[in-house]
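Novice: Given next are the chains, with one letter for each unit.
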Amino acid sequence: MPDSLTAARVLMGDSLGFHIIFVLFGLTLPILVSWFEWMGIRRKDEKLTAVAKFWSKIMAMLVITGVISGTIIALQMSLVWPGILKFGGEVIGLPFMFETYAFLVEAVFLALYMFTWNRKSVSPYLHWFFGLMVIIGSTASAYAITSINGWMNLPTGFDIIDGKFENIDVLSAMFSLPALVTFFHSMPGYYVAAGLFITGLYAFRLLRARKRDIDASRYRLDYFIVQRLMVFVAICLVLSAITADITGKYLAQHEPEKLAALELNYETRTNAPLLVGGVSDGKGGVIGPHFEIPGALSLLACNSPSCTVEGLSETPLNKQPPLYIHTLFDIKMTLITILAVVVPLYFILRRWQPKLLANKLLLLGFVCVSWFGLAIVELGWMMTEIGRQPWAVRGYLTTQEAMTKTHDITTFGYLFPLGYLILFIVTVLAVRVMVRAEAAKKEGVL
Amino acid sequence: MVWAYTLIYLPILLFVVAFLYETYLSFARLKNPKAGRGQYVDATWEVTHTLLIFGVVMLLMLFTKNIDDISSAIFLPTFLAASALVVRSICYLFIFFVRKKAKTSWVDWMFAFSHLVAALLLVVVVVKASWYLFTAYPEANLQFIPAFLPGLFLVLAVCAIPMIVLYRSK
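Sequence order for the protein chains is V and L. The working numbering applies: residue 51 is where the first sequence begins, and numbers increase by one. The working numbering applies: residue 139 is where the second sequence begins, and numbers increase by one.
If you're looking for bench data, these hints aren't it; they were derived computationally from the structure. C-beta atoms are modelled at their ideal positions from N, C-alpha and C, and glycine is treated no differently. Any given hint could be a false lead.
[Stated by the list, open to error] Chain V is nowhere near these chain L residues, computed Cβ spacing over 12 Å in every case:
no., residue
1, Y143
2, A166
3, K169
4, S227
5, K241
[Unchecked claim] Label pairs and their calculated CB-CB ranges:
no., chain 1, residue 1, chain 2, residue 2, range
6, V, R93, L, I299, 27 to 37 Å
7, L, A257, V, I218, 13 to 23 Å
8, L, M139, V, N353, 45 to 55 Å
Given only the sequences and the hints, what does the whole structure look like? Please build it.
Specialist: Next comes the structure, spelled out in C-alpha cells:
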C-alpha cells in the first residue's frame, strides 16, 4: 500500500498534469480568438469572425473543465500542503491574492465576451476589447501562479533572523528572477503547444478531405488558418528557444543540482559535456546507450567551454533530485528537435513546393507531431517539480514536512485522478460534438 | 480585523447567493429538459467558482500562521465538496454538450443533487472555519490588508457591471 506522501504527490502531480493542458489552451485560445476577430473586423470578413466565434465556444467549454481542476489545486495547496503556506505565507501571500483578482477579471470578461457575441448593442471593437481583458486576466493569473512556483524554487524576499522572518519584501518575492525566467519560458511553450495542436486538427481535416474537394472554399479557409497558426507557432518557438537558453544559464547559477541531475553531471568540472541518452546506474555512473558532446554543457551554462559547471557531488545524497529526470529531459529534447525540423520545413515547402503541403503523407506526419508541444509542456513541468525534490520550498522545507499531518490523503489521492479521467473523456466528447455540429452547418466554418 | 473578515465573507456571501441560484435552476430544469442551456446558467459558471476560490484563498492567506488548524478543521468537508463539484462538472458537460436526447435521466438528477451536496458541504466548511475564527481568535496577516482591500474594490468595480448584466440576463 503506498504511503500518504506518495499518494499526496500522486494527487498533486495528476492535478497539475491534468490542469496544465486546460491552462495552455486557456492562455492561447484568447490570443488566437482575438487575433482572428481583429482580422475579421479589419478585413470585414465574416468568415474569420465566425472562426473566432467557433474557437471561443470551445475556449469557454475548456475553461469549465480547467476551472474545476484549478479549484481543486487551490484547495490542495492549502489542505494537503499547509506547510508551504505556514512557512512562507507572509512572503508569498500577495501573488496568491493577485491570482484570484486576475482570475476574477478573466472569468467575468470571458462570460461577458461569450454573452455579447453578435449583439447589436455592443460594437465589434468593444466586443474585441472584452476579449483583450480575457487575455490580460489569464496572463496575469498565470504570472501570479508561476511566481509562486518560482519562489518555491528560489525563495527570496525575506531574511530569517533568530528563526523569525525579517525584512519581508513581498514585491521582491513576487517579481523574483526565477518567476520572470519561468514565466517568459513557459508562456511561449504554451502558445507553441496549443497552436500546434490546433493546426494539427486542421491538418487532420485536410488529410481526410477528398482530392476533388480540396479547392472548395471551406478548405481554402483551412489552409489560411494553418498558414496563420504556423506563423504564430514559429514565432513562439523562436522565443521559447531564446528563453530556454536563459533558463539553462539561470539553472547553472541558481539551481545547479537540478541542472546536474538533468544532465547526470556528477563532478564539478570545466569543459562539462552534454549527455544524450543513458540512465544513472545509481553509483555515479551512466549505463545504457549514450554519447557525450564535449564542452556543450559548459557552453550552454555560461557561453564558454572553460566555464565550471557544478556537479551532483556538491549536493548531499539525500538532497539530490531523482535522477530519472535526465530521461524526461532527453525525451523533451528529442521532441523539441523534431519540432525544430518540422516547423521550418513547413515554411520551406510553402515557399518552394506549396503543392507538397497537400501531400497526404506529409499531412499525416504533421498530424502525428502536432501533440508534441503538449508533451513538451508536461515534461517541462515534471522536470521543474521533480527536479526540486526533496524540497517543497528549496533549502528550507522538504515535501515531507510540508504535507498535512492531520489527515491521510491516500483515498483522495486515487479518487480524484479517476474523476479527472472521466472529466477528460467527457470534455473530449463535448469538443467532438461541437466540431461535428459546426461541420454539419451549411454556413459553418468547418 | 473587520476588514480581514470582510475580505473572507464578502466573496463567500456572493458565492452562496450565486450557487443557491444555480442549485435552484438545476432542480427547476428537471421539469423541462428540452429547454437545454437556456434553463441553466451558462457563461456565469466560471464567475461562481472564482468567488469560491476567492473566499477560500482569502481565508488561508490571511491566517497562514494557523493554517494547520484551519485546514484540519475544514479538510474533509472541503474535499468532499470538491468531489461533488467534479461530479457536477462532468454532468454539466455531458448534459449540455454531449447528450443529444433532451430527456430527463439519472444524470440530470445527479447533476441537481451534486449541487445540493456541494452546497451543504460548503456550508459545513464555512461554519467550521467561522467557528474556529471566532473561538480561537487567530492572528491575521494584517500586512496584506492595505494591498488586498483596494484590490478587492477595484476588481469588484471592474467586474460589477458585467456581472449584473450577466446575471440579469437569466
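Novice: Starting from the hint list further up, note which numbers the structure goes against and sort them upward.
Specialist: Violated hints: 4 and 7; rest satisfied.
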